[in-house]
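Undergrad: Using the sequences plus the hints, can you model the full thing?
So for the sequence shown, the numbering used here puts the first residue at 1; every next one is plus one.
Misleading hints may appear alongside valid ones.
[As the list claims (entries may be wrong)] Cβ-Cβ distance ranges computed for the label pairs, FRET-style:
#1 Glu39 with Asp70: 51 to 61 Å
#2 Asp43 with Lys65: 17 to 27 Å
#3 Ala90 with Glu39: 16 to 26 Å
#4 Pro57 with Arg77: 16 to 26 Å
#5 Ser12 with Pro35: 45 to 55 Å
#6 Lys62 with Arg7: 43 to 53 Å
#7 Leu50 with Asp78: 12 to 22 Å
#8 Asp88 with Lys42: 45 to 55 Å
#9 Ser16 with Pro51: 48 to 58 Å
No wet-lab data here; the hints were simulated from the structure. Computed from a predicted model, the values in this text were never measured in an experiment. Note that the Cβ used here is the ideal one computed from N, Cα and C, for glycine as well.
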Amino acid sequence: MNAVSARLALTSLILSLVFAGMAFASPPQSKPTLPSFDEIDKDKDGIVTLPEIMVYPDNVAKILKSCDADHDSRLTRDEYASCKAVTDQAAKPAK
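TA: Written as C-alpha coordinates, this is what we have:
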(Lines of atoms letter the chains of each structure in order from A and count residues from 1; the text may use other names and numbers.)
(Lines give C-alpha, C1' and ligand atoms only; values in the text may rest on other atoms or scores of the structure.)
Protein backbone atom coordinates (compact mmCIF):
# COMPACT_ATOMS: atom_id res chain seq x y z
CA MET A 1 0.00 0.00 0.00
CA ASN A 2 1.54 3.28 -0.98
CA ALA A 3 1.40 6.49 1.09
CA VAL A 4 -1.52 7.99 -0.86
CA SER A 5 -3.64 4.86 -0.47
CA ALA A 6 -2.82 4.65 3.23
CA ARG A 7 -3.75 8.31 3.77
CA LEU A 8 -7.00 7.84 1.82
CA ALA A 9 -7.87 4.74 3.86
CA LEU A 10 -7.15 6.56 7.14
CA THR A 11 -9.22 9.58 6.08
CA SER A 12 -12.11 7.30 5.08
CA LEU A 13 -11.94 5.52 8.44
CA ILE A 14 -11.94 8.78 10.39
CA LEU A 15 -14.88 10.17 8.42
CA SER A 16 -16.81 6.93 8.89
CA LEU A 17 -16.31 7.13 12.65
CA VAL A 18 -17.34 10.78 12.75
CA PHE A 19 -20.53 10.14 10.78
CA ALA A 20 -21.32 7.04 12.85
CA GLY A 21 -20.98 9.11 16.01
CA MET A 22 -23.28 11.78 14.61
CA ALA A 23 -25.89 9.15 13.78
CA PHE A 24 -25.99 7.95 17.39
CA ALA A 25 -25.74 11.36 19.03
CA SER A 26 -28.82 12.42 20.93
CA PRO A 27 -30.86 15.22 19.38
CA PRO A 28 -30.75 18.62 21.07
CA GLN A 29 -32.99 18.80 24.12
CA SER A 30 -36.06 20.92 23.67
CA LYS A 31 -37.61 22.88 26.49
CA PRO A 32 -39.97 20.66 28.47
CA THR A 33 -43.68 21.15 28.03
CA LEU A 34 -45.34 21.91 31.33
CA PRO A 35 -48.38 19.88 32.28
CA SER A 36 -51.60 21.80 32.85
CA PHE A 37 -52.36 23.20 36.29
CA ASP A 38 -55.23 20.74 36.66
CA GLU A 39 -52.91 17.81 35.85
CA ILE A 40 -50.46 18.91 38.54
CA ASP A 41 -53.10 19.69 41.19
CA LYS A 42 -53.82 16.05 42.03
CA ASP A 43 -55.99 16.75 45.08
CA LYS A 44 -57.95 19.47 43.22
CA ASP A 45 -57.65 22.00 46.05
CA GLY A 46 -56.61 24.83 43.72
CA ILE A 47 -53.05 24.93 45.10
CA VAL A 48 -50.07 22.91 43.87
CA THR A 49 -47.78 21.78 46.68
CA LEU A 50 -44.22 20.48 46.61
CA PRO A 51 -45.22 16.78 46.79
CA GLU A 52 -47.43 17.30 43.73
CA ILE A 53 -44.50 18.87 41.86
CA MET A 54 -41.86 16.31 42.84
CA VAL A 55 -43.51 13.48 40.87
CA TYR A 56 -42.40 15.16 37.63
CA PRO A 57 -38.95 14.82 36.01
CA ASP A 58 -36.26 17.06 37.53
CA ASN A 59 -36.24 19.56 34.66
CA VAL A 60 -40.02 20.06 34.88
CA ALA A 61 -40.04 20.16 38.70
CA LYS A 62 -37.29 22.80 38.67
CA ILE A 63 -39.34 25.03 36.36
CA LEU A 64 -42.47 24.53 38.45
CA LYS A 65 -40.59 25.39 41.66
CA SER A 66 -39.29 28.56 40.02
CA CYS A 67 -42.91 29.58 39.32
CA ASP A 68 -43.53 30.10 43.05
CA ALA A 69 -43.32 33.90 42.91
CA ASP A 70 -43.94 34.52 46.62
CA HIS A 71 -41.75 31.59 47.77
CA ASP A 72 -44.39 30.08 50.04
CA SER A 73 -43.83 26.53 48.67
CA ARG A 74 -47.28 26.63 47.11
CA LEU A 75 -48.16 27.32 43.50
CA THR A 76 -51.41 29.16 42.82
CA ARG A 77 -53.24 29.06 39.53
CA ASP A 78 -52.20 32.70 38.89
CA GLU A 79 -48.51 31.97 39.59
CA TYR A 80 -48.68 28.97 37.29
CA ALA A 81 -50.41 30.95 34.50
CA SER A 82 -47.79 33.72 34.63
CA CYS A 83 -44.93 31.25 34.62
CA LYS A 84 -46.43 29.11 31.85
CA ALA A 85 -46.81 32.16 29.61
CA VAL A 86 -43.12 33.01 30.08
CA THR A 87 -42.04 29.38 29.64
CA ASP A 88 -44.12 28.95 26.48
CA GLN A 89 -42.67 32.15 25.03
CA ALA A 90 -39.10 30.99 25.79
CA ALA A 91 -39.77 27.60 24.19
CA LYS A 92 -40.76 29.11 20.84
CA PRO A 93 -38.06 28.70 18.21
CA ALA A 94 -36.17 31.84 17.28
CA LYS A 95 -37.02 33.31 13.89
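Undergrad: Give a verdict on every hint.
TA: Hint check results:
| no. | hint | verdict |
| --- | --- | --- |
| 1 | Glu39 with Asp70: 51 to 61 Å | 22 Å, violated |
| 2 | Asp43 with Lys65: 17 to 27 Å | 18 Å, holds |
| 3 | Ala90 with Glu39: 16 to 26 Å | 20 Å, holds |
| 4 | Pro57 with Arg77: 16 to 26 Å | 22 Å, holds |
| 5 | Ser12 with Pro35: 45 to 55 Å | 48 Å, holds |
| 6 | Lys62 with Arg7: 43 to 53 Å | 50 Å, holds |
| 7 | Leu50 with Asp78: 12 to 22 Å | 18 Å, holds |
| 8 | Asp88 with Lys42: 45 to 55 Å | 22 Å, violated |
| 9 | Ser16 with Pro51: 48 to 58 Å | 50 Å, holds |
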